[in-house]
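Starting from the structure of chain B, add chain U where the hints point.
Residue numbers (the working numbering), protein chains in the order written: chain B, 1465 to 1725; chain U, 642 to 693.
Hints in this document: simulated from the structure, not taken from any laboratory. Possibly wrong hints are sitting among the right ones.
To be verified - Taking CB as the label site, the calculated pair distances span:
hint, chain 1, residue 1, chain 2, residue 2, range
1, U, A670, B, S1532, 36 to 42 Å
2, U, E692, B, Y1608, 39 to 45 Å
3, B, I1684, U, F666, 54 to 60 Å
4, B, L1549, U, N680, 54 to 60 Å
5, U, T673, B, P1539, 38 to 44 Å
6, U, L667, B, A1629, 31 to 37 Å
No experiment lies behind these values; they were computed from the predicted model shown. Quick reminder that beta carbons are idealized off the backbone N, C-alpha and C, glycines included.
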Amino acid sequence: MYSPGYFLFISSSLASLTYFIGTLIMGLPLPVYGVKKWGTKLILDGIYATVLINIYALIIYASQYIGSILGASWPNFFSWLYQILQVQITVSTLVKTAYVAASFSDDPGLSILMAPLMSLFSLLSGLIAVVETIIILSYVVYDYSGVFIAIGILFISLPFRIGRAIGGALIGFSIVFYIGLPYLPRFLSQLGVNILINGVPSNTNAGGLVNSMATQVVPIYVEGILVMPSAYLVILSGLALGLGSAISGSSARLPFPIEIF
Amino acid sequence: MKSKDLMSILILLNSLMVYGLTKNFLFLAIGTSIAIGLNVAVYVISKRTEEQ
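The shape of chain U in the complex, shown without the other chains:
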């Protein structure tokens, strides 16, 4: 399994759990954004590494 996929799934699960504990929708939104942003950022960085 690639680390970015695993990390994205884990962050999404974290966000769901934190949302369940705090009932604060903002935490779920931020967690989802981080998970999506992580995929994008790692994709860009990996492309850059390949180019090097």
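Same shape as in the complex, but just chain B:
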């Protein structure tokens, strides 16, 4: 993987190219207003992209600072994810053990429990896959958010606003998910669906296990692993889209007046 510095160097060169194309258009001996207008736009785009390159380190630092203010910590988040995975595998092993015990039993009262135990096992396997997906997404965001921001700036630096929307979306995604994803455990705790509290079945005989799994554990698992994290990710995606469109806004406005020449 290339370093962010390499991408920023290419971005800087592309921003200079954008600026130069703008000055070239302004210097063209063509008295056409539509063409001249593009010259001003390109000059301002070049300056805007260069400002973004300059505040790259500030963006990274601000993301970390806002995350620490919110009380979100990446090591704690990964620890929480692996604890959930551990609890899920424990419950899944319990269900599979009960299934095997029921399959070896001659008691028809136990054999009838095999079908619900198998469906519970399938459901738990699916939920484990969901947690694994969240872990992979978290590692991608945690390890590569700096590179994604640099690539986003690179897209914004392209002349004629070719990659402005995708660049803004990449930067918005990286910033919002880097700040917001570690906040997921606290979000779930505040809504009362933290599965580390109510996740393990208390009854260990086969009939009681199926009953407590179906009425207590599975609803909490579906809510705490599938529904609420999905809703949280949708909220974060909405925020990322908003931030992305704010960064890649239709006009590059700077907070001070600039003379073009």
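Coordinates of chain U only, in the frame set by chain B:
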């Protein structure tokens, strides 16, 4: 502030930052050259525009 001055300062700062990130002196040299070349090029273009 004139845009060429602002752009030159920003490119120089960029070059310094990229040099700090990559420890590659070539990037600093290229950035400095672009900043100087920009001033020269914009000066020539602005003179040409004035003549027109």
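Structure-based check of each hint:
1. Under the hint 36 to 42 Å, the C-beta atoms of U/A670 and B/S1532, about 38 Å apart, fit the expected range.
2. In this structure the hint that U/E692 and B/Y1608 lie 39 to 45 Å apart at CB is violated, the actual value being about 51 Å.
3. The hint said 54 to 60 Å for the Cβ distance between B/I1684 and U/F666, and at roughly 58 Å that hint holds.
4. Checked against the hint of 54 to 60 Å, the C-beta distance between B/L1549 and U/N680 comes to roughly 58 Å, which is consistent with it.
5. Range check, U/T673 to B/P1539: Cβ separation about 41 Å, and the 38 to 44 Å hint holds.
6. Checked against the hint of 31 to 37 Å, the C-beta distance between U/L667 and B/A1629 comes to roughly 32 Å, which is consistent with it.
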